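Participant: Mind docking chain B on chain A? Use the hints.
Number of protein chains: 2
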Amino acid sequence: MRLALIGVGLIGGSFAAALRAAGAVSQVAGFDADAHAIRAALSRGIIDRAATSAADAAGDADLVVVATPVGAMRAAFSEIAGALITSAVVTDVGSTKCSVIDDARAAFGAAFPRFVPAHPIAGGERPGVEHAAANLFRKRLVITTPLPATDPSAAALVEELWRNVGARLERLSPEQHDKVFAAVSHLPHLLAFALVEMIARSPDAETCFSHAGAGFRDFTRIAASSPDMWRDVCLANRGPLSEELRAYRARLDILQSAIDAGNGETLHAVFAAAAAAKRGRSSAA
Amino acid sequence: MRLALIGVGLIGGSFAAALRAAGAVSQVAGFDADAHAIRAALSRGIIDRAATSAADAAGDADLVVVATPVGAMRAAFSEIAGALITSAVVTDVGSTKCSVIDDARAAFGAAFPRFVPAHPIAGGERPGVEHAAANLFRKRLVITTPLPATDPSAAALVEELWRNVGARLERLSPEQHDKVFAAVSHLPHLLAFALVEMIARSPDAETCFSHAGAGFRDFTRIAASSPDMWRDVCLANRGPLSEELRAYRARLDILQSAIDAGNGETLHAVFAAAAAAKRGRSSAA
Numbered sequence: 000m001r002l003a004l005i006g007v008g009l010i011g012g013s014f015a016a017a018l019r020a021a022g023a024v025s026q027v028a029g030f031d032a033d034a035h036a037i038r039a040a041l042s043r044g045i046i047d048r049a050a051t052s053a054a055d056a057a058g059d060a061d062l063v064v065v066a067t068p069v070g071a072m073r074a075a076f077s078e079i080a081g082a083l084i085t086s087a088v089v090t091d092v093g094s095t096k097c098s099v100i101d102d103a104r105a106a107f108g109a110a111f112p113r114f115v116p117a118h119p120i121a122g123g124e125r126p127g128v129e130h131a132a133a134n135l136f137r138k139r140l141v142i143t144t145p146l147p148a149t150d151p152s153a154a155a156l157v158e159e160l161w162r163n164v165g166a167r168l169e170r171l172s173p174e175q176h177d178k179v180f181a182a183v184s185h186l187p188h189l190l191a192f193a194l195v196e197m198i199a200r201s202p203d204a205e206t207c208f209s210h211a212g213a214g215f216r217d218f219t220r221i222a223a224s225s226p227d228m229w230r231d232v233c234l235a236n237r238g239p240l241s242e243e244l245r246a247y248r249a250r251l252d253i254l255q256s257a258i259d260a261g262n263g264e265t266l267h268a269v270f271a272a273a274a275a276a277k278r279g280r281s282s283a284a
Numbered sequence: 000m001r002l003a004l005i006g007v008g009l010i011g012g013s014f015a016a017a018l019r020a021a022g023a024v025s026q027v028a029g030f031d032a033d034a035h036a037i038r039a040a041l042s043r044g045i046i047d048r049a050a051t052s053a054a055d056a057a058g059d060a061d062l063v064v065v066a067t068p069v070g071a072m073r074a075a076f077s078e079i080a081g082a083l084i085t086s087a088v089v090t091d092v093g094s095t096k097c098s099v100i101d102d103a104r105a106a107f108g109a110a111f112p113r114f115v116p117a118h119p120i121a122g123g124e125r126p127g128v129e130h131a132a133a134n135l136f137r138k139r140l141v142i143t144t145p146l147p148a149t150d151p152s153a154a155a156l157v158e159e160l161w162r163n164v165g166a167r168l169e170r171l172s173p174e175q176h177d178k179v180f181a182a183v184s185h186l187p188h189l190l191a192f193a194l195v196e197m198i199a200r201s202p203d204a205e206t207c208f209s210h211a212g213a214g215f216r217d218f219t220r221i222a223a224s225s226p227d228m229w230r231d232v233c234l235a236n237r238g239p240l241s242e243e244l245r246a247y248r249a250r251l252d253i254l255q256s257a258i259d260a261g262n263g264e265t266l267h268a269v270f271a272a273a274a275a276a277k278r279g280r281s282s283a284a
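Read top to bottom, the protein sequences are chains A and B. Note that numbering that gives the first Met the number 0 has the first sequence beginning at 0, numbered continuously upward. Note that numbering that gives the first Met the number 0 has the second sequence beginning at 0, numbered continuously upward.
This is chain A alone, in the form it adopts within the complex:
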C-alpha cells in the first residue's frame, strides 16, 4: 500500500512509522510546508519521498493521511481532491471532528464517502516529527466518527490499520466527540496555557517556576503543547469550547465569592465532589 502523509509532525510521522513497522505500507510520500520537518522525516526513514505539493504526494496513494493542524485541513483537502485515484481512502488525525468533516465534505464532493474522520488520543507535549515513534499508539485510544454517508469498507480499512499499530478503537458521533473533548482536552489545555502565561508575566516568575512541584508542574507540562495546533483546535471547536469555558468561569465566580467571604462550606462541597468523582472512577481512568 502506498501512503501519502500530508503534514509531517509527531502524530502523522508516528502513524507512518508504525504502519511501516507493521508491514502495512510499502512506500510513503510526504508533504509539509516546513522543509525542516521534511528533512527530519527523510533522514529518519519515516518518508521515502519528499513531494513537491500535497497533490503530488496524494497522486498515486492508496491511503492519504492528513495530519496538519486542523486549521490547515480545508486547504489540504482542496489541494488533494483533484489528484486522488478513484480507490483512494483519505483519513485525518484532527482533535476536532465537526469542522474537519465540514471541510472534507466541501472539498471532496462525490469522493466524500471515502473520507474517514479519526482522532488518535496520543502525543502531546513534545511536538515535531523528531519525537515521532512507531509505538506511540500502542494501547492508546483512536476515535473514529464515520457518518451514514461514509463507505463502510473505507472506515473498516482505516480502523484495521489503527488496530495493526496497537490502538484501541471506539466510534462516537462527531458532535459527541467534539463536546466531550471540549471538556476533557480543549478546556484543560486552555486553562493550563492561561495559568502558565499569567505566571510567566508576573514579577515572581522565576521563583514560581523554581517551585513548580506542588501542582503547577502538571500545568506547565500541558502548556508546553504546540501553540499552532491548539489555536486551531480552539477555533475549530469554538462552539462547544466556548460553552464549557463559560460554564467554568461561572464556577470560578462562585469560588471567588466563597474565598472572599471566607465560606469554607462552599469550598469543601466543591472539593469533596471533585475528589469523590475521581475516586469513584479510578479504575476507569
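None of these hints come from the bench; they were simulated from the model. One thing to keep in mind: the hints can contain errors.
Copies of the same chain look alike in the list, so a pair counts if it fits in one copy or across any two.
As the list claims (entries may be wrong) - Below are the SDA-like pairs computed for lysine to any residue, each with C-alpha atoms no more than 25 angstroms apart in a straight line:
(1) Lys138 x Arg167
(2) Lys138 x Met0
(3) Lys138 x Gly22
(4) Lys138 x Arg220
(5) Lys138 x Ala105
(6) Lys138 x Asp217
(7) Lys138 x Asp59
(8) Lys138 x Phe111
(9) Lys138 x Thr51
(10) Lys138 x Arg43
(11) Lys138 x Phe107
(12) Lys138 x Asp101
(13) Lys138 x Ala34
(14) Lys138 x Thr206
(15) Lys138 x Glu205
(16) Lys138 x Gly212
(17) Lys138 x Glu159
(18) Lys138 x Gly165
Predicted, not measured: the structure shown is a model, and the values here were computed from it.
Facilitator: The following block gives chain B in isolation, referenced to the frame of chain A:
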C-alpha cells in the same frame, strides 16, 4: 529524642517514620481526633503511643510536629502551649505560613521563638497515614520561614532533621512563601477541583471520565487531594489566593472573548508565551 506528632496523616506520619528510620527519634507519641488514623499509625509502627490529647502527646516531647490541616493549627497550638517542656521545639508542616505564624504567636507567647514554621513540598493525591512512607521527602524541597524572633538553634535543629531525612532546604519570608504558593499550588488545585467538579455534574460525566487521557487526567489527579486540607489552605491563604484567582479570571475573560470572536492571534500569543516559558525553564522544573 522524644517526638510528639499532632495530626497523624500522610505528611506527619511520613516525617515520623523518616525520623525513626534515620535514628533521630527514640519514641513517638501521636494524637489525632480520628481514631482510625491512630490505629493505622500504631499498627504500622509509626507511633509508639496513642496519646489521649494533644497536650498529653506534647507533655514530655523534645520536638512537637503539628501536622493537622492548617485550619486546626490554632486549636492544636493552644492545647499544647501549657504542656510544653522549656526546651521543647515546635514545628509545623502547613501549606500556608502567615496564618500559621499568627496562630503560633497567639498561642505560644514567650515560647514563640521556639516555633519553627516549615512547609515540606511533598505528598498530595493519596492522603492518609496508610500511605505514609519514610522516603517521601528524599530530594524534596522543604521551605522554612523563620522570623527575626525565631531562636536560631531551634531553626537549625528543625532544618537539620529535614536534611537527615533527605530533603533540600530553602528559606523564604512567610509573605513570599504565601504569595508564591498561592500561584503555583493553591490556585492550580482550586482550578483542578473546579473543573473536575463541573464535569462530574454534567450529563456526559461517564463519557468524559472514560476519555480523561487528553489533558483532563492531570486535573483529576490533582483534584483527588484532601478536601479538608484544601478548604483550610484556601481560607488560611485567602488574601494572596483571592488576588491570584481574580487575575486569572481576568485572563479567562480575554480568552473567552477571543474564542467567541474567532480571534486566533490572541489565542496564539497566550499559548506561545506559555509554551516558551516552560521550554525556557525546562531544566529548572
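Participant: Against this structure, judge whether each hint is valid.
Facilitator: Status of each hint after checking the structure:
For a Cα distance limit of 25 angstroms, the shortest separation of Lys138 from Arg167 inside one copy, 6 angstroms, qualifies, whereas the shortest one across copies, 38 angstroms, does not. Proximity of Lys138 and Met0 under a CA criterion of 25 angstroms is satisfied intra-copy only: 24 angstroms inside one chain copy versus 52 angstroms between copies. In this assembly of identical chains, the alpha carbons of Lys138 and Gly22 lie at most 25 angstroms apart only when taken from the same copy (19 angstroms versus 46 angstroms across copies). Taking the closest pair of Cα atoms, Lys138 and Arg220 come within 25 angstroms of each other both inside a single copy (22 angstroms) and across two copies (21 angstroms).
Proximity of Lys138 and Ala105 under a CA criterion of 25 angstroms is satisfied in neither setting, with 34 angstroms inside one chain copy and 57 angstroms between copies. For the identical chains of this complex, Lys138 and Asp217 are neighbours both inside a copy (23 angstroms) and across copies (19 angstroms), given an alpha-carbon limit of 25 angstroms. For the identical chains of this complex, Lys138 and Asp59 are neighbours neither inside a copy (31 angstroms) nor across copies (57 angstroms), given an alpha-carbon limit of 25 angstroms. Taking the closest pair of Cα atoms, Lys138 and Phe111 never come within 25 angstroms of each other, the shortest separation being 29 angstroms inside a single copy and 57 angstroms across copies.
Taking CA atoms no more than 25 angstroms apart as the test, Lys138 paired with Thr51 passes in neither setting, with 35 angstroms inside one copy and 52 angstroms between copies. For the homomeric pair Lys138 and Arg43, the shortest alpha-carbon distance inside one copy (24 angstroms) is at most 25 angstroms, but the shortest distance between copies (38 angstroms) is not. Within a single copy, Lys138 and Phe107 get their C-alpha atoms no closer than 32 angstroms, and across copies no closer than 57 angstroms, so neither meets the 25 angstroms cut-off. Neither within a single protomer nor between protomers do Lys138 and Asp101 lie at most 25 angstroms apart by alpha-carbon distance, with minima of 29 angstroms and 52 angstroms respectively.
Within a single copy, Lys138 and Ala34 get their C-alpha atoms no closer than 32 angstroms, and across copies no closer than 43 angstroms, so neither meets the 25 angstroms cut-off. Only between protomers do Lys138 and Thr206 lie at most 25 angstroms apart by alpha-carbon distance; the minimum there is 18 angstroms, versus 39 angstroms within a single protomer. Taking CA atoms no more than 25 angstroms apart as the test, Lys138 paired with Glu205 passes between copies only; the shortest distance there is 20 angstroms, against 38 angstroms inside one copy. In the homo-oligomer, the alpha carbons of Lys138 and Gly212 lie at most 25 angstroms apart only across protomers (12 angstroms), although the nearest pairing inside one protomer, at 29 angstroms, exceeds that limit.
Only within a single protomer do Lys138 and Glu159 lie at most 25 angstroms apart by alpha-carbon distance; the minimum there is 14 angstroms, versus 47 angstroms between protomers. For the identical chains of this complex, Lys138 and Gly165 are intra-copy neighbours only, at 6 angstroms inside a copy versus 37 angstroms across copies, given an alpha-carbon limit of 25 angstroms.
When the structure is compared with the earlier hints, violations turn up for hints 5, 7, 8, 9, 11, 12, 13 and for no others.
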